Amino acid sequence: MQPKATIKVLIIDDEPLARAELQRLLKKHKQIEVLGEAQNIIEGKALVEDLEPDAIFLDIEMPGGTGLELAEQLKGEIPIVFCTAYNEFAVDAFSLNAVDYLLKPAAPARLEKAIEKLTSLLSETESTQLEDDFKLMVKFADKMKIILLRDILRFESVGNHAAIYTEFGKSYIHSSLSKIEAKLDPSVYLRASRSEIIRLDAVVHLEESINYGLTATLSNGSEVDISRRQASALKKQMSFSAF
Numbered sequence: 005m006q007p008k009a010t011i012k013v014l015i016i017d018d019e020p021l022a023r024a025e026l027q028r029l030l031k032k033h034k035q036i037e038v039l040g041e042a043q044n045i046i047e048g049k050a051l052v053e054d055l056e057p058d059a060i061f062l063d064i065e066m067p068g069g070t071g072l073e074l075a076e077q078l079k080g081e082i083p084i085v086f087c088t089a090y091n092e093f094a095v096d097a098f099s100l101n102a103v104d105y106l107l108k109p110a111a112p113a114r115l116e117k118a119i120e121k122l123t124s125l126l127s128e129t130e131s132t133q134l135e136d137d138f139k140l141m142v143k144f145a146d147k148m149k150i151i152l153l154r155d156i157l158r159f160e161s162v163g164n165h166a167a168i169y170t171e172f173g174k175s176y177i178h179s180s181l182s183k184i185e186a187k188l189d190p191s192v193y194l195r196a197s198r199s200e201i202i203r204l205d206a207v208v209h210l211e212e213s214i215n216y217g218l219t220a221t222l223s224n225g226s227e228v229d230i231s232r233r234q235a236s237a238l239k240k241q242m243s244f245s246a247f
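Count along the sequence shown from 1, then add 4; that gives the number in our numbering.
To be clear, the hints were calculated from the coordinates, so they are not data collected in a lab.
Please note that a few of the clues may not be correct.
To be verified - Derived Cβ-Cβ restraints for the label pairs, each shown as a range:
(1) Asp-136 / Leu-107: 45 to 51 Å
(2) Glu-65 / Phe-138: 43 to 49 Å
(3) Phe-144 / Val-192: 18 to 24 Å
(4) Asp-189 / Asp-146: 21 to 27 Å
(5) Lys-108 / Asn-224: 44 to 50 Å
Since this is a predicted model, take the numbers as computed values, not measurements.
Here a beta-carbon is modelled for each residue, glycine too, at the ideal position from N, C-alpha and C.
All chains, please: the whole structure from these sequences, using the hints.
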């Protein structure tokens, strides 16, 4: 299995010097692209929603809220490498299924091991894509029904589950959106935002939104916001520049 070519990460730490040092160390790893930095969990969560990183390097003890609080809010959807000066947080960090735990200041060799773990994890999630005729058994109201993958117009993150929307109605499956996305053909399904995946041929109308993203109207009448970053990617994917 091929490793992920580029891993896009965020650095969230309240100490400017710590952020600068981590940036310096990460530059030596060509597969890592730092999308941005934040100095607290409020800024960090906003960046996560806007930039949709593959992973986060996250400090734990910060004014205004801890990294553990942010990790809980993200519901395990994004791999996290915790970076902190406090040994006693290690157990808590691993209980949140973190990729790794680094004691600051991070030693280059130790950081390299963390990146190896991160690369391995993200490569594992890039598993074989499902075909459109893949069969799923799901429950609608009190009845089980077999549907095809192509029947699913939209996936929505709901806690540690995902709601699926079809012409037959709404149901739920026990999986994170990131795991679902890894099984889908990106030419057929689009990760519209951190909490939504939509089927492209189910889109009947697109309209620009006030935040420079897009609002998609699906064939079942539902509307889904497409983030600015994903709207830009969709415009490139659907452009006619090749003609």
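How the hints compare with the structure:
1. Asp-136 / Leu-107: 45 to 51 Å: Cβ of Asp-136 to Cβ of Leu-107: about 47 Å, so the range 45 to 51 Å holds.
2. Glu-65 / Phe-138: 43 to 49 Å: Taking Cβ atoms as reference, Glu-65 and Phe-138 lie about 45 Å apart, which means the hint holds.
3. Phe-144 / Val-192: 18 to 24 Å: holds, 23 Å
4. Asp-189 / Asp-146: 21 to 27 Å: violated, 32 Å
5. Lys-108 / Asn-224: 44 to 50 Å: holds, 49 Å
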